[in-house]
Amino acid sequence: MSQPLLEIKNLHVTIEGKPILKGISLTVNRGEVHALMGPNGSGKSTLSNVLMGHPKYTVTQGTILFQGEDYTALSTDARARAGIFLAFQYPTAIPGVSVANFVRTAMKARFGEAFEAKSFRKSFKGALEALGISENFATRYVNDGFSGGEKKRHEVLQMTLLKPRLAILDETDSGLDIDALKTVSEGINRLRGPELGILLITHYQRILDYVQPDKIHVLKEGQIVRSGGKELALELEKTGYKPYETEAAEAHAAGAKGVLG
Amino acid sequence: MKSVQTSQFPAETLEALTPEAPKELQVERRKAADRFTALPWPTAVHEEWRRTDPARFNLTGWSLKPQQRTVTVGWEPLPEAAARQGVILTDLRTALREHPDRVMPHLFQSGKPEQLEKHAALHQALWSDGLFCWVPAGVRVETPLSAWIEPAGTGGRSGAAETDSVIFPHLLVVVEEGAELTWVDERRPGPQPAAPIWINEMTEFFVKRGGTLRAVRLQQWGTGAAELQLQRALLHREACFSNWIMGLGGGITKGNIEAVLSEPAVRAELLGIHLGAGRQHFDIHTLQDHRAPNGFSNLLYKSALSGQAEAVTTGLIRVTPEARKTDAYQANRNLLLNPGAHADSIPMLEIETNEVRCTHGVATGPVDDDQIFYLMSRGLSRPLAQRLIIQGFFEEVLNQIPAESVREQLIGELSSRLDRIDASGEDSGG
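In order, the protein sequence lines correspond to chains A and B.
Just so you know, we're using the working numbering here: the first sequence kicks off at 1 and counts up by one.
Just so you know, we're using the working numbering here: the second sequence kicks off at 1001 and counts up by one.
No wet-lab data here; the hints were simulated from the structure.
These figures come from a predicted structure and were not determined experimentally.
Careful, some of the hints might be misleading.
If the Cβ cut is set under 8 Å, some of the chain B residues that face chain A in the computed set are [what the hints assert, rightly or not]: (1) 1370; (2) 1373; (3) 1374; (4) 1377; (5) 1379; (6) 1388; (7) 1389; (8) 1392.
For every residue, glycine included, the Cβ atom is placed at its ideal position computed from N, Cα and C.
So here's chain B without its partners, still in its complex pose (with noise of 0.2 Å):
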């Protein structure tokens, strides 16, 4: 099996990744790489990889040409009421040149991850592109902001796909102490969609103390796209996280979701929804980790299948000793659309002190054929009346989404999506 190697990452080649990048971040690539190297990539024996074929996300056969810009973002100019609050929402090679001194302090500061290590550590060695936004103390950003991540595609004279081959994209949003800020990124499938891209991404999010942020996140890669995705969340005290995943796109996924209650009484709301066709296949660890008291979590995954599509859905809910008076709640529903599609749920909780309050509940099944029969004897065809009936199972989620034109895009996005999963015949074949 050939594999990506050390000699790959001079370490000029790293530096060149972001020059304008002060000292110790190169230091840091470069100890990234070395991880990398030193750690064997993961087999279907650990844990975390029973479901879904790590080979898929081992870089066999994929071309590694960091030197490359591979990633576009962007993002809705920031509203100017925000601009003269001194919000911050830029491109994350721009903000290291600018605000070191709010980037340094954050980027890469979230915690070591507990899975995924070989491939977060490639991640730090080779991130060159990624967002960054800071919103000052005590202030209230009214508008949501949004932004958004796409493959570049090929451009140049070289065409063939491999140039784009793998991205590391990286977002950075800081939410400073009694702040407020309702965000909104959005991953979308490029020029290329179908093209095979090898995505390895990492999302930190720090909520100070007694700060709120409304985090959405809308996936819309292309079909061809192998996703490795870390997204964790830094709570402090008194801090309110809600966070909303909308995961429609990509070939295969795999996503590491975590709410880290760092000190006393944070807030934290994870709800996702999946929407999968064809072939294919999410696979989603969540992880509540309360490590201080008086902490609530709520978790609410819910995936509608067809075709062939696979959901795996595995949620901890860690309470350690410090932990006294939790409340954590996980829950993950799933709707199966066609008898080829797949899903697992695996709640799992470790919880070392007394005073919690912790539930989980997991609960899987076709369409129920009843609700089928009823709106079709109001005149509704079949796959009409299948899609009320998804839109009907999402709802619990849709109506918490912030903001009504947040809102009011997803549903868009997630009709528009059923409209060519319905065009496609991809529900029935595989």
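Isolated chain A (complex conformation) (with noise of 0.2 Å):
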């Protein structure tokens, strides 16, 4: 029972053969919401794309355990199988694909024979209206023409729907004005329970007002220069990334936004 659930170990990552992560080590375990803090280009993006098994990124030391077994080389399909989530803070488009398609196939696969069809409507309907969704979102086609808004909620109706073990959650509040901000958190927070752990990314402490932290973690060129509890946030809100940025953290930050983002 005191077995993590997410436990990494010593993470070395490269992109392209350019080092990223230099050595992350970090436990959540089930229950917790940790808040993964850190500067532009500091590896956030890096580190959620690289749980879920990104193809791009290469793991060149260390080892991601869940629930106790190594999971470093696991393809991104199996994972989610298993109840890794990520809300993606870029989510990409489909087109042609409605929401409820989508949503109908990642339950099955997620849930295998327990998926019931028949009930499938009704979660479905019932999720959408708990976030504030209209109902003629089933059958538009998958983040295309959404507004920012759009697709942060639509990232969490999937995360309702696929009861993960383990969400990972990327920016899931940026771009998005308070409202918006609000339910998605309620969003959030229905989901939280002894079983999930959260792994919440974020630029801003803002979000953490509305879900509450068990731990804080901050990022800086790609290895956590500091962890601490909810205070960490405050100060941060005080200080910025200021004393966390170097020169170069900030150079790469501006460069090359579009790769880690």
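Hints in hand, dock the two standalone chains.
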């Protein structure tokens, strides 16, 4: 029972030969919410993509253990079926594929034979309502022409229905107005429970007013440089990331946002 | 190079193909046979043969036994209401016998072929079986009418595929003034889908003044098929023509799809999807032929190709000096599922008047890695993710298919074709 949900050990990651993560170690237990903060270019999105098994990144050292098993080399879809979920910062559009069809297919993949086609409509409708999404959303194409807020709600909608064990939220708060932020945060809070672990990746402390983290980590140049409780967010609010930035990181953030974004 | 000789077409052999046909048709057969003999086989020098080996279609090594019935045609029974209203749906030979006055003004009357002349002449000389549908003026056929064509298979003692090696099916659909029809014609693989077969097919659509024809073609020839297809729609004043082509089968397919907007205010939509795997090859020429004012035409062709499949889409919009105020559009998009797959898009405009609005757009690219990652991050396996993307890619064509039942049938056929491709591993090999 004391086995951690997620255990990242000394993780080193490169993209096209360039080192991005340089020895990350992090443990998330069931029921915990961890916030991972840091300036642009510090490697936050790289970590979320690597946890999901993005093929563009290479793990050169270290391991990712999920429920005690080594997931470092596991395929993306197998991780998802095991209950790892990534809410994307910039979810991609899939023209011609309706939201309902997509979500149904994903649920079938996630739950296998336990998926009940009959109850799909009801649970789908319920989740839409809870997130304040109109019903015609079902027939729209995945992320195609969605506003920033619609994309984020759509991510939380999937998270609600796919019932992950570990949810990685990659800047789910970015680009949201205050009302949308509240709705999305409520959606996340509803899913909190003793079984679910959450890794909340954010640039701003704003969302932490709504989703209270148990622990906060600060990432700088691919390393966790501080870890602490809620009070760390308040400190960051005062000081900003200045103490954690270097000229190199700033230059990197300005020049290579597309790669790391 | 051995090729077919005129001596193979004695007059009595030609006449024996459709003994029931009026005299003038037999005369036309002989003329066509002479034309065929006089014309040279096309070579790769010809523009329309630059991307498809013409030798695959010049009948070298094929056995031509025109006296044998080698095509099976069939159709769903005509709904009672339609029959009462005078709609005709039957095989072409029966139609020639029973309704020569309906057939003869239309058969081979949609215009001269601009390409594939030699092959078209051979078709006119040797066609034997086909389908005929006629909708009287003012009649609206409520339910879609469906028909199919398939190679007959060997059947006889001769056994070998050679007796079935060449077929010349002909389809004729006539929608009279103010009438309306949804038509589905299917090409089936027949009893020996892998057997080599050479298909030289022609389809003629006539839509008279103010008529509406929605024509859906589902091509599921067997893997051994080499197909030449000519399809021409002759469209009269204020006619509405929409055409969907779903090409799933065949080994090598060369098609000419022509819409002739011969009179003012015609509306034509040409939509097509092709799904290729293994070494399938599709070479499609389309023509939006604006010959009169105030016409509208829109073409959208999409191909998804895996394995070492190839698609060539050549689209010509032609606007004559008379065709003022023409709106004509064409787009071609190709999705390459494998590095071995290949697509060419060749849009062409020939515009001889002002006051036109014409656009064309082409795009070809591989499956988007971000889309694959996004779907896999939701638990979908790579093949399943790819399949969803393919279905989404075709959706803008599929969702316009008329009649729920037809749309479901085509989506079902597409899905089973994808199943077979997945199962056979055609998409990765070659």
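Hints and how they fare:
A hinted interface residue such as residue 1370 of chain B counts as satisfied when its beta carbon comes closer than 8 Å to some beta carbon of chain A; here the least separation is about 4 Å, so the hint holds. Look at residue 1373 of chain B: its Cβ gets to within about 6 Å of chain A, closer than 8 Å, so that hint holds up. Hint status for residue 1374 of chain B relative to chain A: holds, with the closest Cβ pair at about 5 Å, below 8 Å. For residue 1377 of chain B, the shortest C-beta to C-beta distance to chain A is roughly 5 Å, which falls under 8 Å, so the interface hint holds.
With its C-beta approaching chain A no nearer than about 3 Å, residue 1379 of chain B sits inside the 8 Å limit, and its interface hint holds. The beta carbon of residue 1388 of chain B comes within 6 Å of a beta carbon in chain A, closer than 8 Å, and the hint placing it at the interface holds. Because the closest C-beta pair between residue 1389 of chain B and chain A is about 7 Å apart, less than 8 Å, the hint holds. The closest approach between the C-beta of residue 1392 of chain B and any C-beta of chain A is roughly 3 Å, which is under the 8 Å cut-off, so the hint is satisfied.
Checked against the numbered hints above, the structure violates none of them.
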